[in-house]
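Asks: Sequence:
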Amino acid sequence: MDGENRIILNVGGIRYETYKATLKKIPATRLSRLTEALANYDPVLNEYFFDRHPGVFAQVLNYYRTGKLHYPTNVCGPLFEDELEFWGLDSNQVEPCCWSTYSIHRDTQATLAILDKLDIDSEKPNEEEIARMFGYEEEYLAGTLTPWQRTKPKLWALFNEPHSSLSAKVSLVVAVISVFFICVSVLSFALKTHPDLRVATLRNVTVPKDRPPAPGEDPPLEWILSKDRTDPHEAFFYVELVCNVWFTFELLARSIVTPNLVHFAKSPVNIIDFVATLSFYTDTMLQSTLAHHFDNTEILEFFSIIRILRLFKLTRHSPGLKILIHTFKASAKELTLLVFFLVLGIVVFASLVYYAERLQANPQNDFKSIPEGLWWAIVTMTTVGYGDMAPKTYMGMFVGALCALAGVLTIALPVPVIVSNFSMFYSHTQV
4 MDGENRIILN VGGIRYETYK ATLKKIPATR LSRLTEALAN YDPVLNEYFF DRHPGVFAQV
64 LNYYRTGKLH YPTNVCGPLF EDELEFWGLD SNQVEPCCWS TYSIHRDTQA TLAILDKLDI
124 DSEKPNEEEI ARMFGYEEEY LAGTLTPWQR TKPKLWALFN EPHSSLSAKV SLVVAVISVF
184 FICVSVLSFA LKTHPDLRVA TLRNVTVPKD RPPAPGEDPP LEWILSKDRT DPHEAFFYVE
244 LVCNVWFTFE LLARSIVTPN LVHFAKSPVN IIDFVATLSF YTDTMLQSTL AHHFDNTEIL
304 EFFSIIRILR LFKLTRHSPG LKILIHTFKA SAKELTLLVF FLVLGIVVFA SLVYYAERLQ
364 ANPQNDFKSI PEGLWWAIVT MTTVGYGDMA PKTYMGMFVG ALCALAGVLT IALPVPVIVS
424 NFSMFYSHTQ V
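Here the sequence shown stands for residues 4 to 434, numbered as in the numbering used here.
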């Protein structure tokens, strides 16, 4: 009788023996519906043959025996999922002790999907792959490409693929020129604010005369030359003009030869490039037409700060910068949680220190209101500590100590997650 209740399963050449009642424990699965009429049943050997992974099946059979599904660490996650799907089992039944190990492959697949979008592979596309990108694959294989169809991919590779097989040296030169002008533009933007590199601007200013006005006379006025305002040296304008001529040429050329204009227009780096270049021409026009009507031209110069964002254009030439930016994107939930707890702590400790400083006589109280205490809480929780505001009473010092400790703990919590994401991105780019 015991022999009639036993069943032999041959999985990948390895024979497993169990009881029929064991396979009935989990209904609506492949093993619970075994009959001798199935094509994979061998009446001579009295066994069922399955050409599947024997290592995974050992855990599957153990699931029928114990009711607990464990993940074998010597197989890949997608393979384990495929095997479970074949046997009719739900992958969500994996035990909690194995879930962290089992779910690693999902994070890996998500990482690889992001890296595919980043286009930072060391192997650059060849001519056929680039032709396929532009939709010219059939014409390329047939050898019927028009002159423009042959030229457009080459121009695109010239500006976007410095290491492609199409004119690699020329593409590298273009990339070096682009990086050079980006660095010069940012450096010029910073240096022109230095006092030693600015020149005084002569302008006529109307001021009242020293003598008092005569009876019935309006206050007398006179014109004087003033040097109280400075402007950047004229050389900076020509440096920026040369840089922006290159940026304009590069932007127009890349927009003409791009395989997908919509994707090109939606790219954040291209948007920054367009706005920064436009700001130069706008600023130049306003300076030449409206500067004489404003005493304070700093307002006009403020809008040129957008040009500093050109540094993000370096991401086109640096895979490391791309990885860093997408690390922060992948850690958006953790960063949002960090900001939430920081804001919560800032408000709480600003309120506590305000009232703590008022519990004792304190003529040198720096905390006149809770809004002023917010600044102190920010620099304390972030461990910056400028020292412009500090508690003077014992209760205030105690609150300050708690604020600093809370800030260290709050900021330290998401750091391992961010580092882990960066390591995961970086390690996959080295494969």
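Treat the hints as calculated values from the structure; they're not laboratory data. Source: prediction; values computed, not measured. Ideal Cβ placement from N, Cα and C applies to all residues, glycine included. Errors might be hidden in some of the hints.
Claimed, not checked - Cβ pair distances, simulated, as ranges: (1) D369 to C186: 40 to 50 Å; (2) C186 to S291: 38 to 48 Å; (3) G388 to A116: 41 to 51 Å; (4) N263 to R18: 18 to 28 Å; (5) S270 to G323: 13 to 23 Å.
Asks: Need the list of violated hint numbers for this structure, in ascending order.
Replies: Of the numbered hints given earlier, those the structure breaks are 2 and 4, listed in rising order.
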